[in-house]
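Colleague: First to last, the sequence lines map onto chains A and B. All the letters of the first sequence, read from the start, carry residue numbers 1 to 360 under UniProt numbering. All the letters of the second sequence, read from the start, carry residue numbers 1 to 580 under UniProt numbering.
Quick caveat, the hints were computed from the structure, so don't treat them as lab data. Each hint should be verified, as a subset may be incorrect.
[As the list claims (entries may be wrong)] Some chain A residues flagged as far from chain B (calculated, every beta-carbon gap over 10 Å):
id, residue
1, 4
2, 155
3, 277
4, 306
[Claimed, not checked] Mimicking SDA-like on lysine to any residue, the simulated pairs with C-alpha atoms at most 25 Å apart in a straight line are:
id, chain 1, residue 1, chain 2, residue 2
5, B, 349, A, 86
6, B, 448, A, 159
7, B, 448, A, 153
8, B, 448, A, 50
9, B, 499, A, 78
10, B, 464, A, 231
11, B, 349, A, 231
12, B, 349, A, 50
13, A, 159, B, 429
14, A, 159, B, 349
15, B, 448, B, 8
16, B, 429, A, 76
17, B, 349, A, 60
These numbers were taken from a predicted model, which means no experiment stands behind them. Built from N, CA and C at the ideal position, the CB exists for glycine as well.
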Amino acid sequence: MKIPSSIWTLLIGIGLTLVSLWYGQNHGLLPTAASDEAPLVDGLFNAMMTVSTGIFVLVEGILIYSAIKYRRRAGDNADGPPVHGNVPLEILWTAIPTVIVIGISVYSFDVYNDMGGFSPHAIHEAPMTSQVMNMPGAAIAATLSDTPPSTEPNENQEKSDQAMQDPATAAVRNADQIPQKRNAPGVGSVAPTLGPTPENEGKPPAFVVNVTGLQYAWIFTYPDTEVTSGELHVPIGREVQLNMTANDVIHAFWVPEFRLKQDVIPGRQSEIRFTPNKEGDYTLICAELCGPYHGAMRTQVVVQKPEEFEQWIQEQEVASAEELKQAVAVNPVDLTPDEFLAPHTSHMGIHPEMLHQLHK
Amino acid sequence: MTQAQVQEKANIPALAEEPEIRHWRDYFTFNTDHKVIAIQYLVTTFIFYCIGGVLADLVRTELRTPEVDFVTPEVYNSLFTLHATIMIFLWIVPAGAGFANFLIPLMIGAKDMAFPRLNAVAFWMIPPAGLLLIASLVVGDAPDAGWTSYPPLSLVTGQVGEGIWILSVLLLGTSSILGAINFLVTMLKMRTPGMGFFQLPLFCWAMLATSALTLVSTPVLAAGLILLSFDLLAGTAFFNPTGGGDPVVYQHMFWFYSHPAVYIMILPFFGAISEVIPVHSRKPIFGYKAIAYSSLAISFLGLIVWAHHMFTSGVPGWLRMFFMITTMIIAVPTGIKIFSWLATMWGGKIRLNSAMLFAIGFVGTFVIGGISGVMLAAVPFDIHVHDTYFVVAHLHYVLFGGSVLGIYSAIYHWFPKMTGRMLNEFWGKVHFALTIVGLNMTFLPMHKLGMMGMNRRIAQYDPKFTFLNEICTIGAYILAVSTFPFIINAIWSWMYGPKAGNNPWDALTLEWMTTSPPAIENFDKPPVLATGPYDYGLENTRKGVPLSDPDPVLSAGPNSVLRAEPDESSPAITAEKEER
């Protein structure tokens, strides 16, 4: 019996859809999801993987089928049929990818919003005020000396100053040497954030940690506790805000299980807010090339029960008090990086010998 | 009579005699013949490809184990920095210029490029720039801040190495700007009479798009690098945050070129594949205008997607959304090309020779890079995988699975025209099989590595990734081995291969309508178009397109204003010739 080609097309289409749907959910390519934001990203990825599998199998299928079915038989030197084009077909395969990418864009937009990418706070930072537009020299390419000093508050500077109120943070940051970038009028924040998720909008974060990146370590300071640590400990289920900046070069904060990454840039104050929701130890990775020992710039993020976290904080307070006195007593600029980092090495999982090798 | 015979009958008598075989020494001189320059480009860039490949294998050797045990971390960073710089600036970009040099004048029926001396200058900037870069390894102070050279890191690593890197890239950028001007003017002004834009082969459309993109974007990189060199050598603070500069501004300037650079690297080979597939499928290209316009669309859209490299650095939320959408939209013209190639093959009489196999490999692997590119455009997902091996996998699928397979396909296709001799098919197929296996083994596992948590540019990694890295490393060795059959085949066939004849593939574009290798000024008289560039199979339906009028003046047609007058030989040179 000869099966009509339209039925074959239908069957292949159904098969392709089923394979795509199955693989889109069962690819096993992502690590554990350990934050409230992670399942959102995973959902987006699974959707993209489903569509991608379909397109991939379709293209490779046609390619291999054509190569086998339409290969030249020995002795056949004729040309194929002179088909130059087919307008409806071309419109179809322009329209379908367009619809797909618009769909993925809308979905991504939605996920990004749910992760807190569009906190109103960030938008508020980009006022295109009449004052800005009427500024002398704004319309023409003014030389630097023509531009009057801005009267807008420098939000980065304010955030930096606020973090430096905490003595432990002030001890590890060298913000006094790095001027903080000012927002350019009309284009928004120079230090964007992943802000609060829509349901936490307007509420202050439950919990704040100041993060300082330097070659090749992360230093975490917990405001109001005098705790300085080389590991990030956070209590489970509470929204954490990290206030981050770097002392020397660009680093990037990445915890794969949280699906979050944010560059940590000298001269800027970046923030991310997230809610860890699964107990465990996760690796925090520096994702931006920061020098030869970039690969060694790793540490642990420990998500623990609130009572264990409280206990850890208390242990650290006792231990840090001594170190802090030493650290505050001397200006970090006068120290070699080796000496400067020495008090922190026990927390950072870096052997002192290695540290010495790094900075020799 | 087939279409190819019609086309040949109209043109071949022009050059019946075998041209003078060039002397090998010509290839080491400041020669102004576009074909000599093309070979100079292709051979030089291939040598750099081999050097870049050795560096890649050293990088992979280090990554066989999680510890740093093969080279020091400083040397490791230099290795991947030089690998990327060489592969991008000294291999793929100039290799595209090499093919354009050979093919454009032949395809449009011109005697040479518009500015032959400029053409030679553009080539002769490449060897010193490349030697400079490699010399930095020898003097022991190689650049090690990555090919992106982000400040402030690039300002605190070795000053000598970074300075050499900047100078070398500036030279190479200048070279590609000069080349782009030459290609544009040649295609706009020097087409043979009667050749309108829609009789241009698609490779020429691709080079129009590429050259326009090069001209717009490369100067921005040059500006960024010059400012960076001021920061590095003169202590200014354009990008140095300690003096109030802004490192993110450098990223904008860098990516304003370096994102379009991937289109500069892939578009010429989209063009080459659009030539190879119809010839070896014996069918007209499907959707000629769609492919031509999609090249221009990619060129334009390519200019407004750069900030997707900066989704995790200092750009505001609305900017991330804008660049997400523009990046996604680029998938549409790319998809048009892929579907048109598939439709061209569909129902054809496909000759599965090495050129066609590499073209099929190109489509099959490039599509993986394209799909992961759409994924990376989605901001929330990019935030997770930015700067990881997922990105490394994506870019290698695009640049190796795309550009490099495209280069090989083009070499197998045009080798008979360039040298007058055929390549060995058996060794071509061995080369293809090894390349496809090595390529997928090396880069496919990297997708998973990146998503699971392996960041890029690291000499030491989490031991749980050892197994997948081992596979990648073995794949990289297979890739290294895969080049040997090709190199030996190319050298042996060039010297002793069977004679190719003028048109071994029965192709219709004008480069096949002259002798192989073509004589010094390509054609005796401006060639006439007996058929369109892809009119395969038309003899079955109607008897071809009528010959355009062989008289160039009469057939000048509506677009004659765009065409240069035929060269008038200078009286001094004519007199000199007569004296001899």
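Colleague: For the pair we were handed, residue 349 of chain B and residue 60 of chain A, check the Cα-Cα distance against 25 Å.
Modeller: holds, 19 Å
Colleague: For the pair supplied as a hint, residue 448 of chain B and residue 153 of chain A, is the alpha-carbon distance within the 25 Å limit?
Modeller: violated, 45 Å
Colleague: Run the C-beta distances from residue 155 of chain A to all of chain B and say if the shortest one exceeds 10 Å.
Modeller: Check passes; 13 Å lies beyond 10 Å.
Colleague: Within 25 Å, alpha carbon to alpha carbon, are residue 448 of chain B and residue 50 of chain A?
Modeller: holds, 16 Å
Colleague: Would you check the hint for residue 349 of chain B and residue 231 of chain A, treating anything up to 25 Å between C-alpha atoms as holding?
Modeller: violated, 64 Å
Colleague: Could you grab the alpha-carbon distance between residue 448 of chain B and residue 8 of chain B and see if it respects the 25 Å cut-off?
Modeller: Judged against 25 Å, a Cα distance of about 52 Å means the pair is violated.
Colleague: Take a quick look at residue 4 of chain A and tell me if its Cβ sits farther than 10 Å from every Cβ on chain B, holds or violated.
Modeller: Answer for residue 4 of chain A: holds, closest chain B Cβ roughly 18 Å.
Colleague: Between the alpha carbons of residue 349 of chain B and residue 86 of chain A, is the straight-line distance 25 Å or under?
Modeller: Given pair residue 349 of chain B, residue 86 of chain A holds - Cα atoms ~19 Å apart, limit 25 Å.
Colleague: Mind checking the alpha carbons of residue 448 of chain B and residue 159 of chain A for me, to see if they're no more than 25 Å apart?
Modeller: Since the Cα atoms of residue 448 of chain B and residue 159 of chain A sit roughly 38 Å apart, the hinted pair is violated (cutoff 25 Å).
Colleague: Can we confirm that no CB of chain B comes within 10 Å of the CB of residue 277 of chain A?
Modeller: Answer for residue 277 of chain A: holds, closest chain B Cβ roughly 17 Å.
Colleague: Would the hint linking residue 159 of chain A and residue 349 of chain B be met if the CA-CA limit is 25 Å?
Modeller: violated, 68 Å
Colleague: When you look at the beta carbon of residue 306 of chain A, is every beta carbon of chain B farther off than 10 Å?
Modeller: Consistent with the label, residue 306 of chain A stays out of reach of chain B, its closest Cβ about 27 Å off (over 10 Å).
The structure does not agree with the numbered hints 6, 7, 11, 12, 13, 14 and 15 stated previously, though it agrees with the rest.
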